[in-house]
Amino acid sequence: MDKEFDTILKEFISSVSSKTPGFIKAYLFGSFANGVQHLNSDIDVALIIKDLKDSEKFDLQIQLMLLASDFDNRIEPHPFSPEDLVSTNPFIHEILKYGIEIKK
Numbered sequence: 023m024d025k026e027f028d029t030i031l032k033e034f035i036s037s038v039s040s041k042t043p044g045f046i047k048a049y050l051f052g053s054f055a056n057g058v059q060h061l062n063s064d065i066d067v068a069l070i071i072k073d074l075k076d077s078e079k080f081d082l083q084i085q086l087m088l089l090a091s092d093f094d095n096r097i098e099p100h101p102f103s104p105e106d107l108v109s110t111n112p113f114i115h116e117i118l119k120y121g122i123e124i125k126k
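Going by my numbering, the sequence shown opens with residue 23, and the numbers climb by one from there.
These aren't lab readings, by the way, just hints derived from the structure by calculation.
Even for Gly, the Cβ is constructed at its ideal location relative to N, Cα and C.
Any given hint could turn out to be false.
What the hints assert, rightly or not - Pairs of lysine-lysine, BS3-like flavour, derived with a Cα cap of 27 angstroms:
(1) K119 x K32
(2) K41 x K25
(3) K119 x K72
(4) K32 x K79
(5) K119 x K25
(6) K25 x K126
(7) K47 x K79
(8) K79 x K126
(9) K47 x K32
(10) K75 x K41
(11) K72 x K32
(12) K25 x K47
(13) K126 x K47
(14) K119 x K79
(15) K32 x K75
(16) K125 x K79
(17) K119 x K75
(18) K75 x K126
(19) K75 x K125
(20) K47 x K75
Stated by the list, open to error - The calculated label-pair distances, taken between Cβ atoms and stated as ranges, are:
(21) D28 x L88: 17 to 25 angstroms
(22) F80 x K25: 27 to 35 angstroms
(23) D92 x I46: 17 to 25 angstroms
Construct the entire structure; sequences and hints are all you get.
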């Protein structure tokens with residue numbers, strides 16, 4: 023990741039952390055994490071949020087997308103609960119195996 027990209031991600035995560043109760047950690051995943059992004063690639067970010075109920079995920083994702091647009095319109099936030107991380111879902115498995123944790 024280049025320095026500007028890294029700074030944008032860290033600022034976004036810092037903002038999420040301060041505005042989202044229960045924020046635990048974030049992972050960059052997908053094409054940017056794998057280094058195969060192209061001009062129109064989105065920036066996939068998994069956000070782990072404590073006590074996040076399934077019924078709250080859609081509304082939170084909309085709020086996070088609005089927040090992300092203040093930093094870079096390509097950021098695609100994906101909220102998950104810690105319980106989601108123990109799922110057998112292949113999507114979650116890929117995030118945990120190949121994702122890059124984003125430090126604030």
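Hints, one by one, checked against the model:
Among the hinted pairs, K119 with K32 is consistent with the structure: their alpha-carbon atoms are about 21 angstroms apart, no more than 27 angstroms. For the hint pairing K41 with K25, the CA-to-CA distance comes to about 24 angstroms; that is within 27 angstroms, so the pair holds. Restraint check for K119 and K72: the C-alpha separation of about 21 angstroms stays at or below 27 angstroms, so the hint holds. Simply put, K32 and K79 have alpha-carbon atoms about 22 angstroms apart, close enough for the 27 angstroms limit, and the pair holds.
For the given pair, K119 sits about 24 angstroms from K25 by alpha-carbon distance, which is consistent with the 27 angstroms threshold. Of the pairs offered as hints, the one joining K25 and K126 holds, with about 14 angstroms between alpha carbons and a cut-off of 27 angstroms not exceeded. Restraint check for K47 and K79: satisfied, since their Cα atoms lie roughly 16 angstroms apart, inside the 27 angstroms limit. Our distance criterion of 27 angstroms between C-alpha atoms is met by K79 and K126, whose separation comes to about 22 angstroms.
A hinted pair counts as satisfied when its Cα atoms are at most 27 angstroms apart, and K47 with K32 qualifies at roughly 11 angstroms. The suggested pairing of K75 with K41 holds, with an alpha-carbon distance near 17 angstroms, which does not exceed 27 angstroms. Between K72 and K32 the CA atoms are separated by roughly 20 angstroms; this keeps the pair inside 27 angstroms, and the hint holds. Between K25 and K47 the alpha-carbon distance is near 20 angstroms, which keeps this suggested pair within the 27 angstroms criterion.
At most 27 angstroms may separate the alpha-carbon atoms for a hinted pair to count; K126 and K47 meet this at roughly 9 angstroms. Pair hint K119 plus K79 holds up; C-alpha atoms about 23 angstroms apart against a cutoff of 27 angstroms. This hinted pair checks out: K32 and K75 have alpha carbons roughly 25 angstroms apart, not beyond 27 angstroms. Simply put, K125 and K79 have alpha-carbon atoms about 22 angstroms apart, close enough for the 27 angstroms limit, and the pair holds.
For the given pair, K119 sits about 24 angstroms from K75 by alpha-carbon distance, which is consistent with the 27 angstroms threshold. Taking the CA atoms of K75 and K126, the gap is near 24 angstroms; set against the 27 angstroms cutoff, the hint holds. Note on K75 and K125: the hinted pairing holds, with a Cα-Cα distance of about 24 angstroms set against a maximum of 27 angstroms. Between K47 and K75 the alpha-carbon distance is near 17 angstroms, which keeps this suggested pair within the 27 angstroms criterion.
A beta carbon spacing of about 22 angstroms between D28 and L88 agrees with the range 17 to 25 angstroms that was offered as a hint. Look at F80 against K25: about 34 angstroms separates their beta carbons, and that is inside 27 to 35 angstroms. In this structure, D92 and I46 meet the distance hint of 17 to 25 angstroms, their C-beta atoms being roughly 22 angstroms apart.
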